[in-house]
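Enquirer: Read off the chains here:
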Amino acid sequence: MFAGFDFDVIERSLPFLFREGMTFTLTLTAMAMTGGIVFGTLLAMMRLSSYALLNVPAALYVNLMRSVPLVLVIFWFYFLVPWMGGWIIGATQPIHVGAFWSSVITFTMFEAAYYAEIMRAGIQSVARGQVAAGQALGLNYWQTMGYVVLPQAFRNMLPVLLTQTIILFQDTSLVYVLSIVDFLGAAARIAQRDARLVEMYLFAAVVYFVISYTMSWMVKRLQQRIAIVK
Amino acid sequence: MPMIEFKNVSKWYGSFQVLKDCATKVEKGEVVVVCGPSGSGKSTLIKCVNGLEPFQQGEIIVNGESVGAKETNLPRLRSKIGMVFQHFELFPHMSVIDNLNLAQVRVLGRDAEEAMTKSMALLKRVGIEMHARKFPGELSGGQQQRVAIARGLAMDPIAMLFDEPTSALDPEMINEVLDVMVELALEGMTMMCVTHEMGFARKVAHRVIFMDEGRIAEDANKEDFFGKPRSERAQQFLSKILHH
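For the protein sequence lines, the chains are V and E, in the order given. Residue numbering for the first sequence follows the numbering used here, beginning at 1 and increasing consecutively. Residue numbering for the second sequence follows the numbering used here, beginning at 1 and increasing consecutively.
Since the hints were made in silico from the structure, they are not lab data. Among the hints, erroneous ones may be present.
[To be verified] Listed below are several chain E residues computed to face chain V (Cβ distance under 10 Å; list not exhaustive):
no., residue
1, 69
2, 72
3, 79
4, 80
5, 92
6, 93
7, 103
8, 106
9, 151
No residue lacks a Cβ here, since even glycine has one placed at the ideal position from N, Cα and C.
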C-alpha cells in the first residue's frame, strides 16, 4: 500500500530535521523547563504566602495563563515582548528580540503557571512539622524553604514535573505559527518543498511518539524507584 | 532573672481561647514538667516559647528578650533554644550527620569541620555515632528521637523544649530517650518538658505545671505536686495515669 510513497525523502532530510529542527525543539524545551520551574516555584511560594500583596497577583497570573490558549499566548508575547523590552529600558522603539528568545520567554511564562500548581501541591505535601523544625533551629524563611521544604517538594513531585515537561516538549511544536524551524517546522518545510506531505508528517508523528513514550516510560520507572525509597 | 518567663499569656484560635492568662517562670538550670489532659493547651504553651505559635496577649521573656516583640530577631532567638518534637521532625532527605550540621553551619556560621566534630561528639553521646551516615528513615523511632535531641544540643542551647518526646514511640523505646533526657537534666540543662512520663518527672523535675482548659491549674514543686493535696482536677488526672 506504500507503493506510491517515497521514504527516501526522510533519509535525505535527516541532517536538516535533526541538526536544526530537533536541536531547536530540545533547546527550547530545556530552557523553558528550567525557567518555568524556577519561576513556577516562586509563584507557588507567593500563592502560599499569607500576604495578599503576594498571593493575589500570583493567583491572578496562574489562573489567567491557564485559561488562555497557548497559541494566543505565543502571538501575544511575540508582538508584545519587543514593546515591553523597549519600555523597560526606556527606548522609544520596540527592541529586536527575535523568534528564538521570544519563544523561550513565552514558554517559560506559560509553563510557569502549570509548574506553579505542581510545586504548590509539592510544598503542601511536606509535613508542617518540618517547617516548625527548621524554624526552631533558627533557619529563616528562605533557608527553611531552600534546605528543608523545596528539596522534599521536588522529590515528591518529580514524576509530575517530568510529565509536564513531556507535554511542554510536544507543545513547543506550536512555534510553527511564528514560522520557526523547530522539528515539526523543519518537517513541514521539506514536506512542502518536495510535496511529500504524508511521508514527512507520518515521520514527525513517529519521532514525537517515540521520544514522548520513552520519556513517560522512564518517568514510570522513576516513580517506582521513589516509591521504594520512601 | 528567670530563663523563661510567661506574663499573663493568652491565645485564641478564632473565638476559641486556648491559653488563659498563663503566668509562670523557668529558672536557669530548672527542669519543669508540663502535664495535663489532651487539649489543655500544654503543647501550645511550649510552642509559644520560641514563637512557633503566636499569642495575642501577654509577654514571654526568654533570656531577657521578649519573644513576641517586633524588634526581636526571632530566628536568632530560636537558634538558642533547642526543641524536640513528638514526631521527631528530622529532615528525611538528609543523612543523620547533615541533620546535625545544617543549622550549625547555616545559622551559627560554624565551618564544616567544626560542625562535624561537634555533631560526631553529640551522636556518640546519644549512642548513634555508628549511624551517622544513614538516613532518618533507616533508624528506629527511639534512635530518631535521640538524633533529634542531639540536633537541638548541637546549637549549644541555653534551654531545651520537649513537646511530648516519647508519645509517638513504641513502649520499649521510651526509656532510651528518657535516659538521654535524665542525663541532660542532671547536667543542669534548663528544660521545659510536656510529657506524661511521671517517672521522669519524679526523678528529675524541680517543678510540675498542671494545665487544664488553657489555664495553669497547678504550678508546684515536685514534692508538693506528688505529695500534698491539690486541685481536684489534677488529682483525677494523676490517679488516671498512675494507677493501672
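Enquirer: Holds or violated: is there a CB of chain V closer than 10 Å to the CB of residue 103/E?
Expert: holds (4 Å)
Enquirer: Closer than 10 Å between Cβ atoms is the bar; does residue 69/E clear it against chain V? Give me holds or violated.
Expert: violated (17 Å)
Enquirer: Would you check whether residue 72/E satisfies its interface hint, that is, whether its CB is within less than 10 Å of any CB in chain V?
Expert: It is violated, given that the least Cβ distance between residue 72/E and chain V is near 13 Å, above 10 Å.
Enquirer: Under 10 Å, Cβ to Cβ, is where residue 106/E needs to be relative to chain V, so tell me if that hint holds or is violated.
Expert: Check passed: Cβ of residue 106/E comes within 6 Å of chain V, closer than 10 Å.
Enquirer: For the hint on residue 92/E, does the least C-beta distance to chain V fall short of 10 Å?
Expert: holds (7 Å)
Enquirer: If you take the shortest Cβ to Cβ gap from residue 151/E to chain V, is it below 10 Å?
Expert: holds (7 Å)
Enquirer: Less than 10 Å between beta-carbons is the criterion; does residue 93/E satisfy it with respect to chain V?
Expert: holds (5 Å)
Enquirer: If you take the shortest Cβ to Cβ gap from residue 80/E to chain V, is it below 10 Å?
Expert: This interface hint holds because 8 Å falls under the 10 Å limit.
Enquirer: Restraint: residue 79/E near chain V, CB-CB cut 10 Å. Satisfied or not?
Expert: holds (3 Å)
Of the numbered hints listed earlier, those contradicted by the structure are 1 and 2.
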